[in-house]
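Novice: With the hints as your guide, set chain B onto chain A.
Number of protein chains: 2
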Amino acid sequence: MGLKSVSETKLNPNVSVDCVIFGFDSEKLKVLLIDRGQEPGAESEKVYALPGNLIKTDENLDQAADRVLKELTGLKNIYLEQFGSFGNPDRLNKESDLQWLKSIRAEPDARVITVAYYSLIKIDQYELHASSFAKEAFWYDIDDLPTLGFDHLEIIEAGLKELKFKSKYEPLGFELLPEKFTLSQLKHLYEAILGTDLDKRNFRRKILKKDFLIPLEEKQIGVPHKPAQYFVFNKKKYEDYRQNVDDFYFQL
Amino acid sequence: MGLKSVSETKLNPNVSVDCVIFGFDSEKLKVLLIDRGQEPGAESEKVYALPGNLIKTDENLDQAADRVLKELTGLKNIYLEQFGSFGNPDRLNKESDLQWLKSIRAEPDARVITVAYYSLIKIDQYELHASSFAKEAFWYDIDDLPTLGFDHLEIIEAGLKELKFKSKYEPLGFELLPEKFTLSQLKHLYEAILGTDLDKRNFRRKILKKDFLIPLEEKQIGVPHKPAQYFVFNKKKYEDYRQNVDDFYFQL
Numbered sequence: 001m002g003l004k005s006v007s008e009t010k011l012n013p014n015v016s017v018d019c020v021i022f023g024f025d026s027e028k029l030k031v032l033l034i035d036r037g038q039e040p041g042a043e044s045e046k047v048y049a050l051p052g053n054l055i056k057t058d059e060n061l062d063q064a065a066d067r068v069l070k071e072l073t074g075l076k077n078i079y080l081e082q083f084g085s086f087g088n089p090d091r092l093n094k095e096s097d098l099q100w101l102k103s104i105r106a107e108p109d110a111r112v113i114t115v116a117y118y119s120l121i122k123i124d125q126y127e128l129h130a131s132s133f134a135k136e137a138f139w140y141d142i143d144d145l146p147t148l149g150f151d152h153l154e155i156i157e158a159g160l161k162e163l164k165f166k167s168k169y170e171p172l173g174f175e176l177l178p179e180k181f182t183l184s185q186l187k188h189l190y191e192a193i194l195g196t197d198l199d200k201r202n203f204r205r206k207i208l209k210k211d212f213l214i215p216l217e218e219k220q221i222g223v224p225h226k227p228a229q230y231f232v233f234n235k236k237k238y239e240d241y242r243q244n245v246d247d248f249y250f251q252l
Numbered sequence: 001m002g003l004k005s006v007s008e009t010k011l012n013p014n015v016s017v018d019c020v021i022f023g024f025d026s027e028k029l030k031v032l033l034i035d036r037g038q039e040p041g042a043e044s045e046k047v048y049a050l051p052g053n054l055i056k057t058d059e060n061l062d063q064a065a066d067r068v069l070k071e072l073t074g075l076k077n078i079y080l081e082q083f084g085s086f087g088n089p090d091r092l093n094k095e096s097d098l099q100w101l102k103s104i105r106a107e108p109d110a111r112v113i114t115v116a117y118y119s120l121i122k123i124d125q126y127e128l129h130a131s132s133f134a135k136e137a138f139w140y141d142i143d144d145l146p147t148l149g150f151d152h153l154e155i156i157e158a159g160l161k162e163l164k165f166k167s168k169y170e171p172l173g174f175e176l177l178p179e180k181f182t183l184s185q186l187k188h189l190y191e192a193i194l195g196t197d198l199d200k201r202n203f204r205r206k207i208l209k210k211d212f213l214i215p216l217e218e219k220q221i222g223v224p225h226k227p228a229q230y231f232v233f234n235k236k237k238y239e240d241y242r243q244n245v246d247d248f249y250f251q252l
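Keeping their order, the protein sequence lines are chains A and B. With UniProt numbering applied, the first sequence corresponds to residues 1 to 252, in that order. With UniProt numbering applied, the second sequence corresponds to residues 1 to 252, in that order.
The shape of chain A in the complex, shown without the other chains:
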């Protein structure tokens, strides 16, 4: 077994965690991927995957997700929320995935069930530092993803579905935007999450009517178009608004 077994003995061969980290760069919705590298001897190309790995014997699932994300991408103190587990028997059906597992795992043939987590972060507030088996970590446009290892595309799609659902009931978008943002950025974000174009005037009217955006005096500078006004999010007003809607809603 050699050196490999020293750390491998502490890993559960059948259970992993994977992290779907969403970000937004004012234009596009992004997801965080790593280049996990290929098995030794293979042609040197990037192999894209979600940050994920087996859980350790002495940690719970949440702890495993925190550790794995930090080990592979350098991101820490991120609020991760579990959104589903993936356990199709054919998750491992590509020869390249199997060869890669053989190069790093004690039981490469073991069936692995993965518990998926997601998070929304402001891209500009975190630096990425790939380490462990991740050679690099990058933000990728959600609507232009490369080929991914295992069933990671399916996991990202499920995460996006969760994001769409939650965006109806929670002010999720504001976790992805910078502190101050323009209405155009907010519109782009919702278009990316909902996967649909929104009418500019309707959007403006509806969102401003809701009264939980605070307009700032400040405007964009150094942009090649007419500078847009900045807004910040009034969380208190949003909570009030939400309470009213909850009362109006089916809840009795």
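Don't take every hint at face value.
A pair counts as met if it fits within one copy or between any two copies, since identical chains are not told apart.
For lysine to aspartate or glutamate, the following EDC-like pairs were computed, each having C-alpha atoms within a straight-line distance of at most 20 angstroms [as the list claims (entries may be wrong)]:
#: 1; residue 1: 236; residue 2: 170
#: 2; residue 1: 94; residue 2: 59
#: 3; residue 1: 56; residue 2: 109
#: 4; residue 1: 10; residue 2: 90
Worth flagging that the hints you see were computed from the coordinates, not collected in a lab. Since we're looking at a predicted model, the values are computed, not measured.
Specialist: Just chain B, lined up with the frame of chain A:
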């Protein structure tokens, strides 16, 4: 290893599924439990647990949940929805659980991560038939649960939290009620899900205003109080109503 290993070899030692099946008997919210029995030689008492077991090598998680529920309780063709995975390293911390596992499992000490499913069913439409290691299956009041094996209490509490959340946005309650029901039964159900008392007159006024209940000519018979009117649920009207609320809500 003997006979035990014949079926055990097909089970994944580290991953199980557990089912939280909610029902309602017109008065109380219930959850389906089994008597899993004790290890051989122990004093004969009931040992309560959720219907759950290890997954098999050749099935996915949804299939495992369907199979395990059917094997232990006889329930089949139930729509099960995954709501979370539970993997604390100390899930197996009671001697009685360990002794029981030793009596039925090939690797009783293995750390098991469980994927939890939930469902809502009309109690009166299903018969229970315990088999496999379940000696009996019964409906238990959610607010008067017995001591449970492993972390099953925590799993039920998480399922109930999911149910509360969903009950704000979906007409879940109607899946638990008989086809025709009284307003009093509907009120009891929502009180059970939300864990709070509701004012009778406000409840009546609010729910009737929503216009998706259809009053029937028919009234209760053989009840010791003034017979109450029956209602049925108008799913079409509810969907219309919901669409309006979605538009009113945060969705843009």
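Novice: If the cutoff is 20 angstroms on CA atoms, where do residue 94 and residue 59 land: within, between, both or neither? Let me know, please.
Specialist: For residue 94 and residue 59, the Cα distance is within 20 angstroms only across copies (19 angstroms; inside one copy 29 angstroms).
Novice: Given identical chains, is residue 236 near residue 170, meaning Cα to Cα at most 20 angstroms, within a copy, between copies, both, or neither?
Specialist: Within. Shortest intra-copy distance 13 angstroms satisfies the 20 angstroms Cα cut-off; inter-copy 26 angstroms does not.
Novice: Checking residue 10 and residue 90: alpha-carbon separation at most 20 angstroms within a copy, between copies, both or neither?
Specialist: Cα proximity of residue 10 and residue 90: across copies only (16 angstroms, versus 25 angstroms in one copy).
Novice: Evaluate residue 56 and residue 109 at a C-alpha cut-off of 20 angstroms and name the case that applies: within, between, both or neither.
Specialist: Both: 18 angstroms inside a chain and 16 angstroms across chains, each within 20 angstroms.
When each numbered hint is compared with the structure, no violation occurs for any of them.
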